[in-house]
Amino acid sequence: MSQDFRLNNIGMVNRNKKISFTFNGKKYFGYEGDTIASALIANGVHLVGRSFKYHRPRGFFGVGVDEPYAILQLERNNERDPNIRATEQEIFEGLEVKSVNCWPSVNFDIGAINNFLKMFFPAGFYYKTFMWPPSFWYKIYEPFIRMAAGFGEASIKHDKERYEHKYEYCDVLITGSGPSGLASAYAAAKNGARVILAEDKPRYGGSLLTSDVNIGNQTGAEWSEKIITELKSMSNVIVKNRSQVFGYYDHNMLVMSERISDHLPKTQKYLPKQRLWYIRAKEVLISSGSIERPLVFGNNDTPGVMLSSAAKEYMKVYGVLVGKKPLIFTNNDSGYETAVEFKKNGVNPLILDTRKEPSSDIISEAKNLGIEIKFSHVVVAAKGYKKVKSADIAKISDNKKDLSNIENIECDCICVSGFWTPSIHLASQSGNKSEFNEKIDAFIPKKSKQKENTIGSANGKFTLEETINEAFDKGYEVSNKITENNNKVSIPTVVEKKSTEHDKFWCVPLPKGKSYKRFLDFQNDVAVSDIELALREGFRSIEHVKRYTTLGMATDQGKTSNLNGLQLVSDIENKVVPQVGHTTFRPPYTPVSIGAIVGREVGKHSKPTRKSPMHEWHKKNNAVFVDAGVWLRPRYYKQGNETLFEASKREAKNVRKNVGVCDVTTLGKIDVKGPDAAEFLNRVYTNAWLKLPVGKARYGVMLREDGIVMDDGTTTRISENHYHMTTTTAQAANVLSHLEYYLQLVWPELNVNVVSTTEQWAGAAIAGPNSRELLTKLFPNTDVSNEGLPFMGYKEGDLFGIPAKIYRISFSGELAYEVNVESNYGNFMWEKIIEVGKEFQIQPYGTEALSTLRIEMGHVAGSELDGRTIPHDASLEGLVSKKKDFIGKRSLSRSAFIKPDREKIVGVVPLDKTTSIPEGSYIVKDPKAKLPNPKLGHVSASCWSVEYDNPFSLAIIKDGKNMIGQKLFAMSPLKNKTIPVEIVSSHYVDPEGKRVRA
Amino acid sequence: MLYIFCPHCGSRSQNEFAYGGDATVKRPELNKEISDQEWNNFVYLRKSPRGKHLELWHHISGCRQWIKVERDTSTHEIFKTYKADELTE
Numbered sequence: 001m002s003q004d005f006r007l008n009n010i011g012m013v014n015r016n017k018k019i020s021f022t023f024n025g026k027k028y029f030g031y032e033g034d035t036i037a038s039a040l041i042a043n044g045v046h047l048v049g050r051s052f053k054y055h056r057p058r059g060f061f062g063v064g065v066d067e068p069y070a071i072l073q074l075e076r077n078n079e080r081d082p083n084i085r086a087t088e089q090e091i092f093e094g095l096e097v098k099s100v101n102c103w104p105s106v107n108f109d110i111g112a113i114n115n116f117l118k119m120f121f122p123a124g125f126y127y128k129t130f131m132w133p134p135s136f137w138y139k140i141y142e143p144f145i146r147m148a149a150g151f152g153e154a155s156i157k158h159d160k161e162r163y164e165h166k167y168e169y170c171d172v173l174i175t176g177s178g179p180s181g182l183a184s185a186y187a188a189a190k191n192g193a194r195v196i197l198a199e200d201k202p203r204y205g206g207s208l209l210t211s212d213v214n215i216g217n218q219t220g221a222e223w224s225e226k227i228i229t230e231l232k233s234m235s236n237v238i239v240k241n242r243s244q245v246f247g248y249y250d251h252n253m254l255v256m257s258e259r260i261s262d263h264l265p266k267t268q269k270y271l272p273k274q275r276l277w278y279i280r281a282k283e284v285l286i287s288s289g290s291i292e293r294p295l296v297f298g299n300n301d302t303p304g305v306m307l308s309s310a311a312k313e314y315m316k317v318y319g320v321l322v323g324k325k326p327l328i329f330t331n332n333d334s335g336y337e338t339a340v341e342f343k344k345n346g347v348n349p350l351i352l353d354t355r356k357e358p359s360s361d362i363i364s365e366a367k368n369l370g371i372e373i374k375f376s377h378v379v380v381a382a383k384g385y386k387k388v389k390s391a392d393i394a395k396i397s398d399n400k401k402d403l404s405n406i407e408n409i410e411c412d413c414i415c416v417s418g419f420w421t422p423s424i425h426l427a428s429q430s431g432n433k434s435e436f437n438e439k440i441d442a443f444i445p446k447k448s449k450q451k452e453n454t455i456g457s458a459n460g461k462f463t464l465e466e467t468i469n470e471a472f473d474k475g476y477e478v479s480n481k482i483t484e485n486n487n488k489v490s491i492p493t494v495v496e497k498k499s500t501e502h503d504k505f506w507c508v509p510l511p512k513g514k515s516y517k518r519f520l521d522f523q524n525d526v527a528v529s530d531i532e533l534a535l536r537e538g539f540r541s542i543e544h545v546k547r548y549t550t551l552g553m554a555t556d557q558g559k560t561s562n563l564n565g566l567q568l569v570s571d572i573e574n575k576v577v578p579q580v581g582h583t584t585f586r587p588p589y590t591p592v593s594i595g596a597i598v599g600r601e602v603g604k605h606s607k608p609t610r611k612s613p614m615h616e617w618h619k620k621n622n623a624v625f626v627d628a629g630v631w632l633r634p635r636y637y638k639q640g641n642e643t644l645f646e647a648s649k650r651e652a653k654n655v656r657k658n659v660g661v662c663d664v665t666t667l668g669k670i671d672v673k674g675p676d677a678a679e680f681l682n683r684v685y686t687n688a689w690l691k692l693p694v695g696k697a698r699y700g701v702m703l704r705e706d707g708i709v710m711d712d713g714t715t716t717r718i719s720e721n722h723y724h725m726t727t728t729t730a731q732a733a734n735v736l737s738h739l740e741y742y743l744q745l746v747w748p749e750l751n752v753n754v755v756s757t758t759e760q761w762a763g764a765a766i767a768g769p770n771s772r773e774l775l776t777k778l779f780p781n782t783d784v785s786n787e788g789l790p791f792m793g794y795k796e797g798d799l800f801g802i803p804a805k806i807y808r809i810s811f812s813g814e815l816a817y818e819v820n821v822e823s824n825y826g827n828f829m830w831e832k833i834i835e836v837g838k839e840f841q842i843q844p845y846g847t848e849a850l851s852t853l854r855i856e857m858g859h860v861a862g863s864e865l866d867g868r869t870i871p872h873d874a875s876l877e878g879l880v881s882k883k884k885d886f887i888g889k890r891s892l893s894r895s896a897f898i899k900p901d902r903e904k905i906v907g908v909v910p911l912d913k914t915t916s917i918p919e920g921s922y923i924v925k926d927p928k929a930k931l932p933n934p935k936l937g938h939v940s941a942s943c944w945s946v947e948y949d950n951p952f953s954l955a956i957i958k959d960g961k962n963m964i965g966q967k968l969f970a971m972s973p974l975k976n977k978t979i980p981v982e983i984v985s986s987h988y989v990d991p992e993g994k995r996v997r998a
Numbered sequence: 001m002l003y004i005f006c007p008h009c010g011s012r013s014q015n016e017f018a019y020g021g022d023a024t025v026k027r028p029e030l031n032k033e034i035s036d037q038e039w040n041n042f043v044y045l046r047k048s049p050r051g052k053h054l055e056l057w058h059h060i061s062g063c064r065q066w067i068k069v070e071r072d073t074s075t076h077e078i079f080k081t082y083k084a085d086e087l088t089e
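Chains as they are written, first to last, in the working numbering: chain A, 1 to 998; chain B, 1 to 89.
Keep in mind that a hint or two might mislead.
Below, in silico cross-link-like pairs of lysine-lysine (BS3-like), each with a Cα-Cα straight-line distance of 25 Å or less [claimed, not checked]:
1. B:Lys52 x A:Lys447
2. A:Lys838 x A:Lys657
3. A:Lys433 x A:Lys517
4. B:Lys52 x A:Lys433
5. B:Lys52 x A:Lys884
6. A:Lys433 x A:Lys446
Covered stretches of chain B, as calculated for chain A (at least 3 residues, CB under 8 Å) [said to hold, decoys possible]:
7. 9-22
8. 30-44
9. 47-57
10. 65-78
No lab work stands behind these hints: they were computed from the structure.
Values in this document were obtained by computation on a predicted structure and should not be read as measured data.
The C-beta atom is built at its ideal place from N, Cα and C for all residues, glycine as well.
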């Protein structure tokens, strides 16, 4: 298709680079620098979608972030991207986009039947219709509404693109590169401030690119080019285009999304698709400009009705005509600039001005150019379904209530201007309460809560001279506060033709006997009649009206609709707008990709992965790994076709029979040092620590103040004032914070220091009846006999020239030792143990075998110490000192913790000795009891006992001590299993603990 | 995201810190006879004021010091920050 609406001598797109793309499967051409919108308009395409509720035809309304209509779905590198604004997305070779919210096609859309069923979709329709009969909801209404609702479809595939986060600090952040942004950035940068200037569009300059003004004897576009070039060359300035500052958060933290590769066919190597900037700014200048306000008239949503500023930008930036027979409908001078631009490009516009006798330089220019102007005239209704074909226009009385001389005139587009609305979103997000400015009929920011100032048209300054002066002053003022420099740049002189006089008229009355839909919110199909209905039904607060009618709730967040909605409410209520107030602005200002928010923290990158120094050995020896907190630990070492069950059974059996070795590097380790260390441990742990001799380890339990067990582990007295504490893998970080809390805040008088040494030591647990023989060979110069190194003893040793620490502690319940060496010797230690251990039939064992061994021994771990158990529940009450006080002790005497039938840990064996009990099963007396079946407790951990070759589980049940010997049932509604069981002691293997002391 | 002045390190973003609750809570002395009610108040009961609040933050990704922060809970304004051993009464 040829570009029939492309102008030849105007625009900023690159005519030397033709680009092809497809829209709804059809191929079109545009130029480099075009957006989808400008390229489609150049090809005469105006129908791009269907509206949300009534499925009315949708074209283009704006030219930027405010676009409520042209929301498309983009396909790029086999990825789907929904919610793309055609007015923002630049085209690239091979781009594929399609319409959304229409079926089977945008031209013939079955949903458009809603347009004729309007009576079923009044304001708040989802509270009123589709209610009866109730059974219809799931089967008929909901599926239908789901099919009909929503814009586009998110991809369910993994997004292969890369998104990055960046943190940045600056003196002054300036949001928007229009006249006020450029001027203030220039003034601040010249005064030595570190400046970030963010522009959401590809081109810098904002309104300067399209308005007919003169700054310092240059056109607006020339001046902005000069300023931006100089800013880019300065080392204290970061200038970013395609970057939207969308959120203003606490303490001057702003977030900006930079679209780095969205306009390219493919993300370039070493670059992300998008980058999210977290910017902490000392000062913020909000120069986000203003958005033109629509005028409201019949069928004002017909494709071809658009903002007059958008029509002008399509001509001046893209060299594209939005129509060849334009009608300009305006209540201020802005429409004239568009009309003049049409005329200069050989197109004859007709201006309808609601004002009676306005005058300004631009109006005189229009008259001199021979443009036809009808004062006191309005558009009553647009005619045409998929595109404007004509308009009913009328003369309006001076009181703006009566229409006369209604006539139909031919046109192919209607460019509307209802004056300007400052974009106060960022200021409002910062906590700034806005105030209504009667002069411009809009809200502007009031007093700053954070360090921000709004400047330019975002602050209601609509003449260029005011804007430039204010921006230069503010740029200097805020930079002076920070840098204390006094380099003031001179302010250029400004020439502008249009005035800011406007008519306070914005909604055309309906002619007698007509009921045209007059739309306020173009994306959510909210019409004047919907607001009227909501108010008739008693909704008063603007926040309620918003939610009931969905005014301003669409993806465009009411950028074009908000103020007209407020005006209407205040008119009907006979209030003034400031009394009605406006709804709250919340981030994000524009939609942000989920990918950008998540950044690189996806999949494996969502948390760090820590590996022990022996990781490579495990990998080489067929370890299957499991996530243990942030660590990767071997779960089992696979031999041949073994399953997890077979392998873990083999490994556990070998520990009981010969000797096994397990990587325990991941255990938390904390060095506790200082003259008061013993006293501190005595307060932290429930048992007594003052008399632990040097060279001895002790098992300890620590509580939270509420009496719940926090963690357990062994702590060894290395020397007089030096203890080596171990924690569970999962609780290591919490325990350190806990200790620091008490040392720094509660008992600062204790002379103790704690530091994490988890990463400094590599650990190997050597367990099994052969472990002592193995140790004798590993440490030939050290006496590791039962007398030389008794149970809970500690010694330093020499492992083939490497200093090692040997702890005789056991988690498996077997004769066992833990050897620690400095981390970088970890692999050496491990290989030596395996090598020397061969003759003792050593096998490495993983976490699964480790669990089996500890479960059948009745040793508690995380599944029992689950944040709900006190020492008694885990049969640890023997470790609770009656004599001394410690953290959490007072809680243990609370009534719930001392009642006689308090839960206690027990062992559970299935009567048939073959059926494994699912973890999490309930223990009940009667499996057939009426629901809800009163439960006695739950199964916390299950294993296959290698000692007795049958299933064994641990459970924490009510009055556990007195339940031993009883026949009960384990029920798992999830697995649909009911298993008859016998309750036994939790110490299933070696209850006297002979082996560990052997 | 808050910007918290750590008296040991300087101003740092909130994501370096962990919140630690009311800084005015005093742990009862060890070995002191204390009623259930008093202990309950210490373990569980906290005020949730709108406005000024003296609270603990732990600079876990920094100097690992617990600090006290005087913050307005509704505006997030931070008035002053203190070291652990300041404002002990």
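Evaluated hints:
1. For the proposed pair Lys52 (chain B) and Lys447 (chain A), the alpha carbon gap of about 22 Å is at most 25 Å, so the pair holds.
2. For the given pair, Lys838 (chain A) sits about 14 Å from Lys657 (chain A) by alpha-carbon distance, which is consistent with the 25 Å threshold.
3. A C-alpha spacing of about 34 Å is found between Lys433 (chain A) and Lys517 (chain A), which places the hinted pair above 25 Å, so the restraint is violated.
4. Note on Lys52 (chain B) and Lys433 (chain A): the hinted pairing holds, with a Cα-Cα distance of about 21 Å set against a maximum of 25 Å.
5. A distance of roughly 38 Å separates the Cα atoms of Lys52 (chain B) and Lys884 (chain A); the hinted pair therefore is violated under the 25 Å criterion.
6. Between Lys433 (chain A) and Lys446 (chain A), the direct Cα distance comes to roughly 6 Å. Compliance with the 25 Å bound is thereby established for this hinted pair.
7. For a cut-off of 8 Å, the count of residues in the segment 9-22 of chain B with a CB near a CB of chain A stands at 3, and the three-residue condition holds.
8. Under the rule that three or more residues need a Cβ within less than 8 Å of chain A, the assignment of the segment 30-44 of chain B holds, with 8 such residues.
9. Restraint check on the segment 47-57 of chain B versus chain A: 1 residues with Cβ-Cβ distances below 8 Å, three needed, restraint violated.
10. Against chain A, the segment 65-78 of chain B contributes 5 residues with a C-beta closer than 8 Å to a partner C-beta. That satisfies the three-residue criterion, and the hint holds.
Checked against the numbered hints listed earlier, the structure breaks hints 3, 5, 9; every other hint is satisfied.
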